[in-house]
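The task is simple: from the sequences and hints, build the whole structure.
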Amino acid sequence: MDAPAPWQLRGRAFVAALALPASLRHQQGGAAPELGEPVRGPALVMLVDYRRSEVGPYQELLFMPGPFRFPDGRLRWSIGRIYVSSQDSADNGNRNWGLDKRVARFDWQRRGRRERVAVHYRDREIAALTLDRLGPALPFPGGLLPAGWRTLGQIRDGQRFLYTPSVRGRLGLARLREARGDGEHFPTLQAGRSRGALALPDFHMHFPVARTEPPR
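The sequence shown: position 71 = 71 (my numbering), numbered continuously.
Take the hints with a grain of salt, since some may be wrong.
Stated by the list, open to error - Okay, the calculated beta carbon distance ranges per label pair:
id	residue 1	residue 2	range
1	T130	D202	16 to 26 Å
2	G196	G112	19 to 29 Å
3	G56	P21	29 to 39 Å
These are computed hints drawn from the structure, not numbers from a lab.
We put the beta carbon where it would ideally sit given N, CA and C, even for glycine.
Rendered as structure tokens:
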């Protein structure tokens with residue numbers, strides 16, 4: 001399936017911030033070597049259940065080691081590790097936005113406000129998370145964050161990809177109960193401390209066409 005950008009997606013998600021050692025974020029984070037080390041700040045873990053996309057429903061787990069200083073001097077987040085449950089999502093995501101999506105199996109369980117997810121890659125568990133949704137979720141507008149804060153950057157196959165997603169929907173608090181990774185295919189999350197988590201029980205996301213240019 002060929003599904004060029006832009007994409008319009010709908011689903012639900014959790015976002016958790018983790019304080020991790022700088023050496024771990026750099027060595028296990030999976031970002032392009034050309035970006036060097038992430039600057040000081042938390043790492044982000046996102047767990048997403050897309051109910052609708054240009055390639056159909058799929059699930060996703062990603063890790064961002066932190067913001068990086070790009071050659072133009074600007075700080076941007078970059079996705080280092082990303083696993084999805086759909087081959088079409090992987091093929092098109094890698095082509096459209098310079099990602100390194102890999103296909104994995106997701107075991108996602110919901111019981112009340114608690115959700116547990118185990119992710120298996122090559123028949124091996126590489127990550128597991130347990131999160132609780134807390135309190136109500138309130139509407140938030142798509143333009144809540146400025147574009148500069150939402151712009152992500154990837155480097156793949158000799159090209160730099162820059163893109164600025166936008167999202168709107170409902171937002172609430174969450175608690176990260178457990179987080180672990182195998183240290184090879186996904187960072188050792190259990191070495192960190194939670195710095196807070198959010199739940200998005202229903203969101204709409206616009207993923208635009210990426211701007212591409214050679215890395216300088």
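What hint numbers does the structure not satisfy? none
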